[in-house]
Amino acid sequence: MRVFMLGWEFPPQISGGLGTACYGLTKALDEIGVGVCFVLPTALPVSGPSGVKLRTTADLAETTSVFSHMELHHLPAVLQPYGTTETYQQALRELGDMEQQAQPPPGPQDRKGPDEAAAMKVLAGTFCTAGGENYTGDLMAEVHRYARLAVELAQSEQFDVVHAHDWMTFPAGFAVAAAMRKPLVVHIHSTEFDRAGANVNQQIYDIERAGMHGASRLICVSYMTRNIITSRYGVDPKKIDVVYNAVEAPAVDNWQMQPIRTNEKIVLFLGRLTMQKGPDYFLRAAKKVVEKFKDVRFIMAGSGDMIQRCIEQAKAMGLQRYVTFTGFLHGNDLERVFQIADLYVMPSVSEPFGIAPLEALSHNVPVIISRQSGVSEVLTHVLKVDFWDTDEIANKVLAVLRHPPLQRTLRQHGHIELHKLSWRDSALKIRKIYDALAAAGQAKSP
Amino acid sequence: MASVVFYFQVHQPFRLQRYSIFDSGANYFDDACNEDICRKVAAKCYLPAGRLILELIQRHAGRFRASYSLTGTIIEQLQRWAPEVLEVFVELAKTGAVEFITETYYHSLAFLYNRQEFIAQTQKHCELMEKLFGQRPRTFRNTELTYNNDVARVVQDMGFDTVLTEGADHVLAYRSPNFIYQPPNCDKLKMLMKNYRLSDDIAFRFSERTWPQWPLTAEKFAQWVDQINGNGYVCNLFMDYETFGEHQWAETGIFEFLQAMPDKVLETGKNDFLTVSQAVERYPSAGEIDVPHMISWADTERDISAWLGNSMQSNALQDIYRLADEVIATGDDVLIDNWRKLQTSDHFYYMCTKWFADGDVHKYFNPYESPYDAYINYMNILDSIRGRIAAG
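Protein chains in written order, with the numbering used here: chain W, 1 to 446; chain Y, 1 to 392.
The calculated DSS-like cross-link candidates involving lysine-lysine, where the alpha carbons are at most 30 angstroms apart (straight line), are:
| # | chain 1 | residue 1 | chain 2 | residue 2 |
| --- | --- | --- | --- | --- |
| 1 | Y | 94 | Y | 264 |
| 2 | W | 432 | W | 238 |
| 3 | W | 384 | Y | 354 |
| 4 | W | 420 | W | 239 |
| 5 | W | 27 | W | 420 |
| 6 | Y | 354 | W | 429 |
| 7 | Y | 270 | Y | 220 |
| 8 | W | 288 | W | 384 |
| 9 | Y | 354 | W | 420 |
Since the hints were made in silico from the structure, they are not lab data.
Let the hints inform the model, and build the full structure from the sequences given.
Right, here's the structure in full:
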């Protein structure tokens, strides 16, 4: 079984959960012997406040060396949906600088296998996006450019199934599947309704809808998402499988290690500061917590279009002393913030899945999650709240901070519960879907 | 001769209302929910089952007998919301074929934490039984059949003749629950141990269609009872009263089974029905049973981990009993009553994380979405209790 897989981010270049999910999934598929030809747009830094480093060849070698059946291909197109107009402009300038020095981009078919991929340089001719909320800029042009290049690449590849992650790769998936007469699986990690609430971008909705209806099969990350797909996009529920995300088991079980610290308790928000993630509800709950409990610090790790508003909101509430904004955290910084956190809160307004709570649990940090999340379908040893109920969020935050036995029990059971979720199980489910599609395809062909 | 000893446990807790850390006020109990459940269970179980037992006693001219334990909390609820159920119990008491057993009034785990409080609650319950039913109880059963040698000792010193507990395999070993036993060093106290296989055939498996013995008929069950003849004296069928009509719905045929079973047992001519006290009077003790560790009738573990299995439960229990002296010193009857109703074991059962992920019997009328919610709510209420103590 070989899969032509289309994504738009992959570690170490990630801005959210999709990259993490694609990595976990392809690694597990690789382990069960499914060959993956993973096609990525070229990434350019879209800087948040803390900045994201450019990928180095060493990083890439590290990422790809764990795979034995996977090939990573980069297409010279940039699909970065999250960012602001300023970062877009900045990326364009950086792009211009690079173009001056770089050689012409080699054709996609030149790059194959982990070694070649690892040796690849950041390409000239890369592009940037997209202005935050409105997806202005060249994003749509990029989506179509990515599709065209993907079809070119597909000509020289052997595969049984096309698998496309989220709307930006749907046109590419569709084009490749049609050109190569292969079944298409679309994988829904989030929908426009999750990201935009009521202000749905019609163009994106249309691409999503076309992809969903054109696909042979849909995979979505939760029943919550499945409901959106059937009710808002009119997709036949029989076409949809739910495959949950998972988390990699932590390398070391170091949950008893505590860094030297003061009495201050640390409550963590981790995610993009966008409407979808509910940072404003987090702050409102923080205000209520502080009324009852002063030895607390709220860390908001992440960047996004609401960061300015959140900083101002914190100030207006008199929370300056209690809230720290760190910007987007990566690698070691992320590890460290999990190590010092007493509690992780995910007050998302609409979260198709939500891998971050799993990561928190794998670091032995107890979590509060909103019921409006896919991950709340699989986790039981967590505290659940409605995102709008800031009294209840504060009530639960205070309970965890004030009652160590609660924190202890959540940690112990939460950590055990993580073992229920494995990428391997998800990959096995997906392989079954591939096998069924490939078998059906063969039955049809003369 | 094999004697069937039926004992029914009748209990409902005062469930708590949602109490956030931002709430104030001293109204902790969810009256609407408690009334709703009480009326529902009264209609589905307590009334039809009570009337059926009464009819069976009358039809068999006193040869059908049963024993009951009603907690103080269910009696208070019945007085408020379903007094017709209490009337049936008074009728049952008048037949002379029904024995009322005592336990802690508040269905608490006080024995584990505060001996004085345990004795006070037991006495309070004895007085209530005497007042309502005109019987001074001679038999004691601790909450959820929690039991060990110490319980036996204390209960004997309080003057009881008999104590009930679970016929747990790890305690009985090769012995059978179908005899009367004695606790070590308690020459005045007898113990009856639940025959959990036959009890659970009715209480849990009755409607289980995958069970090879389904459907369970009165004839079949009477045969199983008859098999005890020659291998024992008693068949101790201990179960929640809610088995009839609530755990096993009327549609399963549970009432028809209960109606027909006495006929089938009695028609052999060899077997009969006894109350707990009659059984210990008639049969000799077959020896001592040593129970050094706490056992109970809960879950497959038959231990107390359902109430004291994680650090939240341990913390909540210690905190409630830590307040004992201060609460009683206030002399405030309402506060003392609130504090005692918070001791009911169900509140700690709701905090059990053992089988939470699978979802099971722990869900029965459980008002919480998770054990964590149960703990948070409980601890917020304890804060309020502490506030009231401090305010004097």
